[in-house]
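Chemist: Work the whole structure out from these sequences, hints included.
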Amino acid sequence: MDSKRNSRRELLKFGVALAGGATVALRGKAQAQEHNHPATPGPENASPMIHGSKEQIEYGQRSKYVTSVRMAHPMGGRASPDVFGKVFHVATPLQDSVGVITPSSLHYVATTRGSYLPDIDPQQHTLTLHGLVDRPLTLTVDDLKRFPSVTRLHFLECAGNRHDGQQKTVQETHGMTSCSEWTGVLLSTLLKECGLKGSAKWFVAEGAEEVKGASSIPIAKGMDDCLIAYGQNGEPLRPQQGFPVRIMVPGFEGIYHTKFLRRIKVVDRFYMNYNEFGHLRPEAKELALGEQIGPKSVITYPSGSQQLSGPGFYEISGLAWSGGGAVKTVEVSTDGGKKWNRTQFKNTPQRMAHVRFGYEWRWDGSETEILSRCTDEIGQRQPMREEIANWWKVPFDRNYRVPGLDNSVMPWKIARDGSVTNGLA
Amino acid sequence: MGLRKMLEVRNPLKVVTILLLGSVVGSPAIAQSPTYGVGRTPTAEELGRMDIAIGATGEELPSGTGTAKEGAQLYLTKGCIGCHGAEGLGGLAPALQSKQGADVPVWKKERILPLRSPYATVVWDFIHRGMPLGLEGTLTPNEVYSLTAYLLFLNHVIPEDQVLDKQNLPTIKMPIGDEFGKPHEFKLNAPRLKGYPY
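Residue numbers (my numbering), protein chains in the order written: chain A, 1 to 425; chain B, 426 to 623.
Treat the hints loosely; a few may be bogus.
From the derived model, a few chain B residues whose C-beta atoms are all more than 12 Å from chain A [what the hints assert, rightly or not]:
#1 501
#2 598
#3 615
To spell it out: a stretch of chain A is covered by chain B in this simulated footprint if at least three of its residues, at any positions, have a beta carbon under 8 Å from a beta carbon of chain B; those stretches are [as the list claims (entries may be wrong)]:
#4 133-146
#5 214-220
#6 281-287
#7 296-302
#8 315-326
#9 379-392
Note that these hints are calculated values from the structure, not bench results.
We put the CB at the ideal spot given by N, CA and C, even for glycine.
Modeler: See below:
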């Protein structure tokens, strides 16, 4: 699917180049399309050969024709790297994604305050569990791998993953979310091994990077589905994802998923850490929306800055996820929100994981707006921005800021020439 | 109660009750014993050294003292001024003092740690764990108390001559007072906010 799109885009450029050439005058649409197909391959080798090398044998590389990359996310007006060489926010190229797994190299990155990347020797790293437990426990990474493991698909999303009218691509509007297959030990397995005391209510998860980022997490969540992960997509975690150990707090905002995890302290109350200070809000209601992520979806194809090559068939494709559980339904509208159509799931929806949806669409060439919305298994549904303002009983305008993590519907505008732009602009 | 004495009890029902109680009290200890026996027990010294998460009551704080005057000196000698600017203003790193007047409510002011934090312990905690950049963990407890005092003084939270220590740091009244949302009780498989459909 991806290669098809890429070649379409490439060919489109080719077509534009032809149309702009001095020797080429006006071309009819049918004629241009004829030229938009490569010659039928014969027995000769049409492509140069890539010779085998030690590097290629040891660790494979993608084709040089695949150029999709992450970008520094301009969130908060802060560069990555910043003047101190720290990385703060880096966004995933969702516009090029297929399926639901984000390649580890393209997973979004966010750090507690802007951080350097610790270069941790896994042989030296330990995780200690202590506080309100009968037996404190210190584990090496090898120790962790001796416990019964689980492997689960989970998304991560940064609290700052907001869409507004200024952004152009889906990488800018929604690129601070990614999804991987994570392997590790359930935190409940470790806490049972330590003997959790009855007075335990929260736990603090702390990292080993220079700022030792720490968050308070309810113990009920910890005993339910938190995962002490050492594997991502079939190999050890990448350093940018917390090598050698991180905690997954499925469905909670990204900052709770402490990387370089070195310590779990079980406590009897909410601990106001620096991370929590960042979450502070005047209203408890708004604070609550900064923990579990609501139901959310976005169309990744066609999306901002992409180009449709002309009227005809397209499969609209996108991702949906929720911090409340598995996604139940995704609907797509191709007429600006008047009619909503059921979509197909491309994989089985799992709890707190991206699911890929598709909708078969025949574009008639007229100007329109396409949108997606989803519901999850606990009955939450993805809202329009106006609905959120109405619930909070505040006036709605185009600059309305959605409280908590922004899970409102994202519109893409399609012009007659097939260009796709941000519908919020 | 000895076995002999138990057997002497006339009412057999009472004996059964005592035996049952014994097994109920005993069972959680059995269920709670380690299943896998992997890993080692950290020493109290190790735990003390790594326990840098300072709660609002300050029980993890080390002994020590510091004042704003000492902190102002350290702010220069430790290089804080290089990134945060003179008196916490005008640097490339986050501002440490509000530019706005005393009459502006704290939620309308910038998000500045020594101003908006509900507890002075968070200011201490963050300087201790996260500063100075590249030399984290090198400040002594006295230095952290002093720098905390300086930043609180700059933001008009404490007077310049107040000596901060383990006992009084948790009792400092911060400008935000009690005017911040408290965490709700998290429930599994429930909407993120009760009554919120989205």
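Chemist: Now tell me, hint by hint, if it's right for this structure.
Modeler: Cross-check of the supplied hints:
1. 501: With a cut-off of 12 Å, residue 501 of chain B remains clear of chain A, as the shortest Cβ separation is near 19 Å.
2. 598: holds (15 Å)
3. 615: violated (7 Å)
4. 133-146: holds (count 9)
5. 214-220: Result for this restraint: holds, n = 4.
6. 281-287: It holds, with 7 qualifying residues against the three required.
7. 296-302: violated (count 0)
8. 315-326: The restraint on the region 315-326 of chain A holds, since 3 of its residues have a Cβ under 8 Å from chain B and three suffice.
9. 379-392: holds (count 8)
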